[in-house]
Structures are given as C-alpha cells and as structure tokens.
Amino acid sequence: MSGLVRHGLWLLLPILAAALVVSDPWLSLRLGLPDLLEVLHYRLLPLLLGLGLFLTVALWLMAKAGDFATGVIVLVVGASQLNGIGAGPIDLFDVALLGSAAVWAARIAPDADRTLRLSPLFFLASALALLAFAHLPVMRPVPWFIGLFGISRVVLLSLILVDICRTAEQLEQIARALVWVAVASAVGGICQFLLAYFDIFAFTLIEPAISAYKPTPLGFVLRASGFCSTAQHFSSFMVCALPFALWQATHGWRMWNVAAVPIIFGGLLVSLNFGGIFAGALILVLFPFFRWPRLAIHLALFGLSLLALAYFTGLLQLAYDLSFGDAGVAKGLDQRKTLFSLGLTEVARSPLIGTGLRGFSEVDGNFWHRPVHNLFGQAATELGLLGGLVFIFIFFMLTLDLVKLMPSAVTRSPYPRLLLLTLVALLFLAQSEPNLEQSNLWLMLGFAQAAILTLRPRGPARVR
Numbered sequence: 010m011s012g013l014v015r016h017g018l019w020l021l022l023p024i025l026a027a028a029l030v031v032s033d034p035w036l037s038l039r040l041g042l043p044d045l046l047e048v049l050h051y052r053l054l055p056l057l058l059g060l061g062l063f064l065t066v067a068l069w070l071m072a073k074a075g076d077f078a079t080g081v082i083v084l085v086v087g088a089s090q091l092n093g094i095g096a097g098p099i100d101l102f103d104v105a106l107l108g109s110a111a112v113w114a115a116r117i118a119p120d121a122d123r124t125l126r127l128s129p130l131f132f133l134a135s136a137l138a139l140l141a142f143a144h145l146p147v148m149r150p151v152p153w154f155i156g157l158f159g160i161s162r163v164v165l166l167s168l169i170l171v172d173i174c175r176t177a178e179q180l181e182q183i184a185r186a187l188v189w190v191a192v193a194s195a196v197g198g199i200c201q202f203l204l205a206y207f208d209i210f211a212f213t214l215i216e217p218a219i220s221a222y223k224p225t226p227l228g229f230v231l232r233a234s235g236f237c238s239t240a241q242h243f244s245s246f247m248v249c250a251l252p253f254a255l256w257q258a259t260h261g262w263r264m265w266n267v268a269a270v271p272i273i274f275g276g277l278l279v280s281l282n283f284g285g286i287f288a289g290a291l292i293l294v295l296f297p298f299f300r301w302p303r304l305a306i307h308l309a310l311f312g313l314s315l316l317a318l319a320y321f322t323g324l325l326q327l328a329y330d331l332s333f334g335d336a337g338v339a340k341g342l343d344q345r346k347t348l349f350s351l352g353l354t355e356v357a358r359s360p361l362i363g364t365g366l367r368g369f370s371e372v373d374g375n376f377w378h379r380p381v382h383n384l385f386g387q388a389a390t391e392l393g394l395l396g397g398l399v400f401i402f403i404f405f406m407l408t409l410d411l412v413k414l415m416p417s418a419v420t421r422s423p424y425p426r427l428l429l430l431t432l433v434a435l436l437f438l439a440q441s442e443p444n445l446e447q448s449n450l451w452l453m454l455g456f457a458q459a460a461i462l463t464l465r466p467r468g469p470a471r472v473r
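Numbering-wise, this note's numbering puts 428 at position 419 of the sequence shown, and it's gapless, one number per residue.
One or more of the hints may lead you astray.
Claimed, not checked - With a straight-line Cα cutoff of 25 Å, these simulated SDA-like cross-link-like pairs (lysine to any residue) come out:
#1 LYS413 x GLU181
#2 LYS346 x LEU324
#3 LYS223 x ALA211
#4 LYS346 x THR225
#5 LYS223 x SER238
#6 LYS413 x LEU133
#7 LYS346 x LYS413
#8 LYS223 x GLN326
#9 LYS413 x LEU127
Stated by the list, open to error - The calculated label-pair distances, taken between Cβ atoms and stated as ranges, are:
#10 ILE99 x TRP377: 23 to 31 Å
#11 PRO416 x ARG149: 45 to 53 Å
#12 PHE376 x GLN440: 21 to 29 Å
#13 VAL112 x PHE154: 23 to 31 Å
#14 ARG303 x ALA111: 42 to 50 Å
#15 HIS307 x LEU342: 32 to 40 Å
#16 LYS413 x ALA110: 38 to 46 Å
#17 ALA111 x LEU342: 38 to 46 Å
#18 GLY323 x LYS413: 40 to 48 Å
#19 VAL112 x HIS307: 46 to 54 Å
#20 VAL112 x TYR320: 52 to 60 Å
#21 ALA110 x PRO302: 33 to 41 Å
#22 LEU436 x LEU107: 28 to 36 Å
#23 LEU436 x ASP373: 28 to 36 Å
It is worth saying that the hints were derived from the structure and are not from the lab.
Beta carbons: idealized from backbone N, C-alpha and C, even for Gly.
Start from the sequences and build out the full structure, keeping to the hints where you can.
Set out below in structure tokens:
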C-alpha cells in the first residue's frame with residue numbers, strides 16, 4: 010500500500026503543476042494580458058499533455074537515481090527547457106532551482122566537515138549582482154527587484170552546480186542529461202512545427218502568439234520553441250547539447266547516439282533562429298578538429314575542397330538566397346543594428362552604471378522594448394562598462410583554463426575539448442542574442458567551471 014501511495018504522489022505532482030499553469034490564463038486575463046480563448050488555443054495541449062509527461066519522466070528518473078547530485082542535475086537541466094511555463098516572472102526553472110537550493114542547503118548545513126566549493130565563476134557572477142544594487146535609487150522597486158532576481162538565480166545556479174559536481178561521473182551525468190533533454194525537446198519542437206505547418210494544430214508558449222510566426226522560404230510559419238518562452242532559448246539549448254551528442258555518436262556508433270544528432274539539429278532548424286543555426290553549423294565544422302586533432306590538415310583540405318565545390322556549383326549562392334537574400338528571414342538585422350546603436354549611445358551617456366537590469370527596454374527610440382541583441386553590449390548598457398568587462402573576463406578565464414587542461418585530460422576525459430567547443434559556439438551566438446540572465450548560458454558556464462575544478466591535476470601533497 011505504501012508503494013502505491015508513493016507512486017501516486019509522483020504522478021500527482023505533475024498533475025498539480027499542470028493545473029497550476031492551466032490557471033495561468035485566468036490570471037493573465039485578470040492582469041489584462043491576451044484573451045483567454047487565444048491563450049488556451051495555443052497553450053492547452055502542451056501544458057496538459059507535454060508538461061505532465063515531461064515532469065512524470067523527470068521525477069521518475071530522479072527517484073531512480075537515488076543520488077542527490079544526479080537528481081538536481083536532471084531536474085535543473087530538464088527545467089531549463091520549460092521556462093515558458095510559469096506565472097509572471099516565475100517559471101518552472103525558478104521553482105526547480107529554488108527547490109534544489111533549499112534541499113542542498115539543508116543537506117550541507119549539519120555537516121561541519123563538508124567544505125563549500127567556491128569558484129572564480131561564482132565570485133564574478135556575484136560581482137554582476139552587486140552592480141545591480143547601484144540602480145536601486147534610480148529605478149522603480151518592482152522592475153529593479155525582477156532584474157535582481159533574474160541575475161541572482163544564475164549566481165545561485167553557478168554556486169550549486171559547481172559545488173555538487175565533484176567527480177567525473179557527475180560530469181558525465183550532466184552531458185547525458187543535456188543530450189536526453191535536447192532530444193526530447195527537439196522532438197516536441199519538430200512536432201510543434203509540423204502540426205502548425207500542415208494546419209493541424211498550432212500551439213506556442215511565446216507571448217504574444219503572433220510574434221512566434223516568421224517569414225521564411227516556406228512561407229509565414231510558426232517557429233518551434235517547444236516549452237520555452239522564446240525560440241532563441243529553445244535553440245540555444247540545442248547548441249549547448251550538440252557537441253556532446255556528436256561525441257556520443259562518434260564514441261561507439263550506436264544507433265541511438267547517432268540518431269540523436271540529426272534530431273537535435275532538426276530541432277535547431279525548425280526554430281528558425283539563424284544565430285542558433287549558424288552556431289550549430291560552426292560546431293559541425295569545428296567538431297572533427299576537436300575529435301580527431303591528428304587529422305587537422307586532412308580535414309582542413311577536405312573542408313576547403315567542399316567549400317570550393319559549393320562555390321562553383323552555385324550551392325553557396327543558393328544558401329545565401331535562402332537566408333540573407335530575398336527570402337525575408339533577415340528582417341531582424343536592421344532591428345539589431347538599431348538596438349546596438351542605441352546601446353552605444355546609452356553606454357556613452359552612462360558608462361559606469363548603465364540603465365539597470367532590463368532598463369534598456371524603456372530607452373527612447375527602443376520601440377520594441379527589447380535589450381541589445383549582443384551579450385556584451387547588453388551587459389555594458391544595463392550594468393555599465395564594468396559589467397561588460399566582467400563577462401569578457403568570464404569567457405577569457407574559462408577558455409584559458411580549458412586550453413591548459415586539454416593536454417593533461419585529453420586521454421582521460423573529452424569534456425575540456427567539448428566544453429571549449431561549446432564556449433566558442435556560445436561566444437559566436439552571444440554576438441546576436443541577449444543572454445545576460447539566460448539559464449542555458451549559465452548552465453554551460455557552471456558545467457565548464459565544474460569540469461575545470463574536477464579534472465585539474467592535483468599537485469603533490471605537502472609534507473608537514
């Protein structure tokens with residue numbers, strides 16, 4: 010009987026979560042947001058079916074793991090692809106992170122012998138949160154608190170992830186969870202795109218729903234976003250998981266591992282986020298050099314031959330026409346240029362403290378009420394030049410540490426190479442997307458920092 014009750018509780022939790030989110034349209038209507046029928050049309054199916062199924066599987070995996078670190082990894086990585094489900098500024102990722110943090114604090118508090126694993130990433134992330142306090146006197150309290158909450162949760166993520174991932178096995182669990190969640194999310198995104206394209210059923214968690222449609226060579230179609238609040242968030246997770254899926258596919262050549270790669274890249278394509286697609290293409294090009302470094306010259310010559318063939322056969326021109334030609338999919342470039350120009354003006358106007366977190370949306374001339382579509386530009390405009398420099402130093406520090414680690418860990422672990430490739434792709438993606446508080450970015454930054462501390466060679470013990 011106790012076993013039946015226990016399994017019933019595992020099934021009850023996702024049902025309660027789904028019921029909570031289904032009530033969100035009523036709350037949205039009370040707040041003057043989109044019409045109830047429109048919201049239900051786009052949200053009812055993924056909320057009831059997808060959320061219940063996803064959380065049931067995630068909770069089952071956590072119960073089966075029997076290990077706190079594994080459970081947190083599964084929960085946080087899975088919830089990172091569910092940030093479109095929530096109420097107001099709080100989403101399921103916040104609930105998963107704060108819940109994990111409470112259990113984590115309760116577990117380590119009574120243990121006097123356990124040391125907290127602080128890292129340079131945590132201190133740099135904390136510096137970003139401290140910069141946000143400078144804006145309290147000049148910002149309204151509610152927007153200021155929402156912005157502070159957004160940056161504080163990634164500080165907490167960097168602290169917990171680095172502290173609990175102390176072994177190579179736990180690093181492997183993160184990589185495996187990334188691939189599993191990416192495949193599940195990509196399948197959902199592909200189904201979402203095909204159902205809308207063939208006019209069977211259209212659903213999206215993007216608000217307003219009309220902004221989820223985009224002109225493409227296939228027509229004015231719905232962009233895949235899965236259970237995420239934006240197509241950019243959905244696609245950036247595919248970018249993060251792609252290097253690890255490629256490694257698994259080339260390390261044993263099992264059918265499931267090989268199939269995961271086209272599924273993830275297919276999810277990336279149907280997101281119609283060109284920054285993410287180009288970042289994924291960059292990973293495909295660079296991965297063979299990271300995977301088989303001894304064949305670098307052969308791979309380079311082969312790649313140049315393919316590039317020349319594409320140029321002389323017209324395939325390169327065709328690819329340009331379908332992307333930046335007359336297809337209409339590059340309309341966001343002018344918007345990005347305008348936002349970046351406004352960002353430079355704001356940096357010149359307030360170089361020390363910036364506009365405050367999410368304060369750039371209220372700048373004169375920003376008709377879209379969006380941040381600068383560049384990670385470092387966003388940090389500089391919202392947190393001042395010091396904020397931009399902190400982000401530059403984070404990428405520089407982690408990249409340098411991974412490069413130093415590669416010669417010593419190349420025969421033992423692939424993660425220094427894979428994480429370095431991921432950071433290169435995220436650095437490329439950061440030029441077109443605002444990722445200051447994005448959970449996917451900080452998940453990978455925390456993964457990289459944990460791998461550096463875990464795989465770094467230990468010096469000889471000192472004799473006292």
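query: Can you give the numbers of the hints that this structure goes against, from lowest to highest?
result: Hints 2, 7, 16 contradicted; others consistent.
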